[in-house]
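Asker: Sequence order for the protein chains is A, B and C. Each residue of the first sequence is one higher than the one before, starting from 385 at the first, in my numbering. Each residue of the second sequence is one higher than the one before, starting from 32 at the first, in my numbering. Each residue of the third sequence is one higher than the one before, starting from 209 at the first, in my numbering.
Hints may contain errors.
Pair by pair, the computed Cβ-Cβ distance ranges are [what the hints assert, rightly or not]:
| # | chain 1 | residue 1 | chain 2 | residue 2 | range |
| --- | --- | --- | --- | --- | --- |
| 1 | B | Gly801 | A | Leu475 | 48 to 58 Å |
| 2 | C | Asp444 | B | Ser735 | 33 to 43 Å |
| 3 | B | Ser735 | C | Glu414 | 25 to 35 Å |
It should be emphasised that the hints constitute simulated quantities derived from the structure, not laboratory data. From the three backbone atoms N, C-alpha and C, an ideal C-beta is built for every residue, glycine too.
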Amino acid sequence: MRKNESADTIQLHIDGESEQFDIEPGETLMSALRRAGHYSVKNGCDEGVCGACNVILGDEGLTRSCLIPAVSCDGAEVMTVEGLLDDEGELHPLQEAFLDHGAAQCGYCIPGVLLSGYDLLQRNRDPTEEEIADALSGNICRCTGYVQQIEAIQAAAERLRDVESTVGGES
Amino acid sequence: MTPPELANDDDEPEEPGVGSGRATAGATTTAVGESVEKVDGWGLVTGKARYTDDIPTANALEGRLLRSPHPHARVRSVDTEAAEALDGVEAVLTHEDVPDERFTRTGFPYPAPAPFDERVLNERVRHVGEPVAAVAARSVDTAERALEAIDVDYEVLECVVDPEEAMTPDAPTLHPEPYENPQENAAPQRNVVCETRHEEGDIEAGFEQADAVIEGEYESQIVQQLPMETNTTIAWIDDRERLVLRTTTQVSHICRDKIARAFDLNRTDVKVIKPRVGGGFGVRQDTVPNQFICAALALATGRRVRLKNTRKEDLHVSQTRHAQTVEIKTGVREDGTITAMHVDITSNTGAYGCHALAVLSNAAHEPMSVYPVENRLFTGRAVYTNITPGGAMRGYGAVQGTFGVESHIDAVADAIGMGPVELRRHNVITEGEESFEPPNSESKSKLESVGVSECLDRACGAIGWSDGPDRPNEDRYERGYGVALSMAKSGVPNSEYSRCSITLEDDGTLTVRIGVGDTGQGSETVMGQIAASVFGLDIGSVHVKADDTDATPWDNGAYASSTTYISGNATEKAARDLAETVRELAAEWHDTDPGAIEVADGDVVFPDGTSTSLESFAAEAFEGVRGPKRRLIGTGEHFTALSPKPFAAQLAEVEVDTETGEFEVLRLVNSVDCGQALNPANVRGQIIGGAIMGLGQTLSETLSFDEDGTPEIRGLRDYEVIHAPDLPDIETEIVETYEPTGPYGAKSVGEVSVLGPSPAVANAVNDAVGVRITELPITAAKVRDGLEEGR
Amino acid sequence: MSSQLPVEYHEVESVERAVEMLVGEPETRIVASGYSLVPLLKDGIETPDRLVDISGIDTLRGISRENGATVIGALTTHVRIAAATPVRERARALAEATDSVGDYQAKHQGTIGGNLVVADPKYDAPAAVLALDGTVGIRGPDGRRRVDIDEWFRGPSETAIEPDELVTELVVPDAARSGYVRKSAYSGYAVVSVAAALETDGNRVESARVAVNGAKPYPIRLPEVEDTLVGGLLDDGLRTRAAGAALSDVDPESLLADDDGAGAHRLRLVRSYCREALERASAAPTEHQ
C-alpha cells in the first residue's frame, strides 16, 4: 500500500531492478531519478512541454516525470530508456533503427523520443506516418526536424512485426 | 563517388595533404561517403551518454544568479551581508568581487571582432535578466533564500528598446565609458556599435543603367537557438590548483582562453571539458556570463560549483538571433540583368556588442554573393538597445539577409514581368566567379565548386515548378510555389585554425585528437571517417578524442560551418602525415623508397605485392622487431584564406485559405550542394534540421520584449517551435559537386538550409494570393490583412 | 533540486476522504494527473501548501450510461473519452474535442476533471462540454451536487467549484448532431475551438448550442449564432449567416490577444471555425464515422 505524508524514501521497480530512492520534500520524479544517477531522464524544460523527461510509469504509460511528485510513485514500476536493452545488453530494434537512420544528433531528446516510440508500438504495431508524428507531438527535437526519427520508428515497427511473425513471438 | 579528373593539376605545389583525397580515394575508401553510424551513437540511444550535468553533484555547491529586473540601471550598491550570513552560503559575489577588466564574450579567437564592453558582473546592467550578483550555497533552496536576502540599490536609468530610437540624440547611452577594441566606425555615444560601408563598382551608375528600380523593406524578428540542453557549467579547482570547467560549449579552446584571460590565469592552469552537449546552433559559441561567473564562484570558494540555467532563464538571457531591418534597392534591365543592388541593414544587437559586426556583415555578404552584380553596395549599422544581447545563431545574419534578398528578387522579377526562377538563372553565380567578401577579409574568393544552378534545376524538377501547383478542391483555397537560393560558407577565411594529432596504437587502431565542438552535428564521426579512409580502416578502429582541452591541440571549435572543411582538412593532413611515417618506416625495414610503399585497405603494401596488416605493422614497430621501437604519430594543421561555399535551392508549396488567411506549407524541397557528402545520413539530418529551424522562424517562433525591455515569454510553452505533426512533406536532395580544396571533396553543410525557408514561403504565399509578407513570422493574420487591403 | 511542489502530499482512496482534507483548508489542492495543475505550481500561479492526490480513486474512472446521457468519471483521460463508443455516437463533439488534444502525453494522461477545473482557453474539451449542455457532478462537505455547464465557467480561471469541493463526473446528454473544430497552435494547444450541438426536426433547427473557447479567456456560448439558427432551415446559407453573427456584440479589441491572434483576426477565426463546426454538426450521424 502506498504510504505518504512526508516520506523521505520511495521504492521503485526501475528498469527491472528494485531500488530505493532518497527524495527531497516537494521533489518531482524527474529530479529524484536524476539525483540518484538515472541520467538518461533529461531536464529540458521542467515545465512539462519538451518530453525530454519522459518515463513509462506503471499502468499509466508514457508520462512526463517533471510533472509527477516523486512521493506519489512509491511502489511503482518505472521504465527509462535504459530499460529498452534486453537481458544480454543488446539494443532494442527501436534503438538500432535510430542508429541506422541517423535519427539521433545531439541525443538530448532521444531517451524521451525513444520512449514515445516504444509507447506507441505497445499500443499500435502498424502505425501510419501520421500516427507516429502524433506520438511524437509531445517531444521537441531541435536538431533533426523529426523526419529521420519517424522513419526509424516505422522501420522498427516493421522489424518487430517481422520478428513476431517469423519467430512466433518467442526467440 | 569517384572524384572527377582535374584538368588544372599544374605545377603549383600543393599544401601537403590538402584535397589529395583524389589521389587515393575511390574504390579503397571504406568510411568516407558512407552513412556510417555515429561514433557516439550507442551512448545516445541507450541513455548512457554523459552531458554536463550527468555526473554526481551531491557535494557541489549550487550556483544561483540574482538578475536585474530593470532594463537599464546603475548598481549603486549591493548589500550581501544578510545573504552571506545564512547557513550554507559559501560565497556571494557582486561586481566588486570580480576582475575590472572588460572583454567580449564573442566566441572568436582573441581579440574577436567585438568591443570589450562587458565584465564578469557589471556595475551597470543593460537588460532585464542580466546577472547582478551570484551565490554559491549548499542547496538550491539555500541559494534562493540567499538571493532573496541580497539588497540591491539600483539607480534606474531610462531605457530604449528600438534601434532607430536608440540612435537619436535623446536616447540614453548604454555604454558611456570608452572601451577597448571598438569596431568599425563605432559611435557608442549614439549607441552605434559599428557602422560599415562596402561598395563594389559604382552604385549610382548601376542604377542609371537600370530600366526599373525596385525598393523593399524586410523585417526579421528575434528568435533563439533553443537547444534542448540549457546552459550548464560545473567548475572546480583540481589537485594541481587548476581551474576546470565542464560546460556546454562548442568552442572549448576559445572558452579556456577567455576564462584564463578574464581571471589572469596561465592558460596551463585552465582546462575545459566539453562532454556530450545537447545542441548548440551558435548559442554555445560564446563564453557566456554563466561560465565566467561559475568560474568565479569556484575560485572564490575553492569548491565544486554547479550553475545551470532554467529553461526560462535560457529563454530570457541567451544571446539571440538579431532582429534586423533590411532595406533593398535593386536596379534591373528589361532583359533581367541586375545592374545594381544596394542592401542596407540596421541590426538590433541588444545590450552588448557580441557578434554585432560579424553578423551584420554576414547578413549582407552571403545573400548578395548569390548574384555577382557589378555594382553593389552594402551599408549597415548595429545598435545597442536594452534587450537581451544578440549573438550567434545558425545562419548568422544570413537568415535575415536572405529573407530580404530572396523576397526582393521575386519582387524584381515581378516588376519586369519575368518568372522568379528565370530571373535567378539569369543572374546567379557560377564556377570561377567571386563571392562578395567583406572588405577587410583576406579571403580568396573565386569559387571552384558552385552547384547552385544544378540545385535550382533539381529542386524545380522535384516540385514540378513549370506545371505549377495542383488546384485545390474548394474555391476558398489557393496554392502557390516559392523559390529561394542561398549560400553559406565553410569557415571564416584566415581566422579558423585547426590542428589534429593522430596516434597509431600498437594494435593498428588510431586515436585522433582534435578539438572539434561536436554538439550533435556528428563532427567527431566525420573526423573519424576521414582518418579511417586514409588508411582504409573500418570506422570502428578509430577513436576520436575531442572533449578535453588538455588532450587536444587548438581548434577554433564549431562555428561558421567550419568543422568539416577546416578541421576535416587538418585531420586528413594528420592522417596522411602518419601514413607517410608508416611508409618511411616500412621502407626502412624493406630497404626501399617510401614512395614504393602503399597504405590502403588497412594494409601496408610492399613493392613486391606482399602486404602486412596495419595491425601487424604497428605491433612490430611497437615491439621493435625489425629495428628500434617506434611510436608513430602524425600531425596536421589547417588555416586558409579559402572558404568554399555550400549552396541551396529551397522551394515551398503553400495552400492559403483566403477566408481566414491561414495557410499551410504543404511541401518543402531542399536541394543542397555541400561538395561531397562524407556521411549522407548526417548531411540529410543537417539539411532537414536546418530547414525546420528556418521554418520555425518563418511561421511561429518569436521572442518579444515590451517597451520596458521585459521579455514577454513566460516559458517554453510560449515559444512555438515546429513539432512532428506540423511537418510539411520534406524532400532533400544532396547535389554533389567536388570541392578540390576540401577533405575528400567536401564543403560544410551545417547552416545553408536554414536560410531559404522564410523567403521561399513568403514567395509561395505571394504566388498563391498576391500578398507579400515582408515581416517575419508569416502569420495568418498578416496574410488576411494583406488580402483585405488588396480588395 | 528546489522544492517545486508543496512539501505536503497525500494520497486518498475515497472521495469522502478527499473532501475531508479540503474542508477548512483553503491552501489544499486536488491533483490527479498533474498535467493541468503542476505547470501552474511551477509558475507560481498557484501556491498551495498541500496536495491531495485522487488518482487512486478508481470509482472516478470510467464511462457509463444513465437515462439518455453518458456519465464520464472525472479521472477519465482524453484518449479514452475519444475512443468510447457512447461518446463517439451520442456526444460526437466531445469525442472530436478530446481526440484533438495535440500533445501525446497530455492526451493519454490528462483528465476531463482537470480540464474542467482549470479551463484554460487553449484546452479542447470545455467548448464541447458547453455546447453539449453537460452537467458537472461535484462532491463537497454538503454532499453531492450537479452544476449546469452554463453556470460552470465563470471567468478567467474561475469555475463554479468551491474550495472544499472536487469534480467527480461529467454527465453529457445525448445529442443527435454535434461537432467540434479547432485552429491549432504549433504548441499542440488550440488557438480557438468551437463546438456546436443541434437539434433538428427534419432540416429545421429546433435548438442550438454553440460554444467557443479562445475568444475570451474562458469558454462562452455564442447566443447570436444560436438565435440565428433557431427556426431556420439548415443549409449553407443559414450556417454562413449564423457564423457571421458570432461575437457581433463584442468589441474585437476585448477578445483574447496573443501571438496567435488578436482583435479582428481572432474574430475572423472564431467565425470561420464556427461555420466549420456547424458544418460538422450538420452532417448526419452516420456520416461522422
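Asker: Given the range 48 to 58 Å, decide if the beta-carbon distance of Gly801 (chain B) to Leu475 (chain A) lies inside it.
Answerer: At 53 Å between Cβs, range holds.
Asker: Does 33 to 43 Å hold as the CB distance between Asp444 (chain C) and Ser735 (chain B), or does it fail?
Answerer: Given range 33 to 43 Å: holds, Cβ gap about 40 Å.
Asker: Quick check on a hinted range of 25 to 35 Å for Ser735 (chain B) and Glu414 (chain C), using CB atoms only.
Answerer: The hint (25 to 35 Å, Cβ to Cβ) is violated, given that Ser735 (chain B) and Glu414 (chain C) are roughly 48 Å apart.
Consistency note: the structure conflicts with earlier hint 3 alone.
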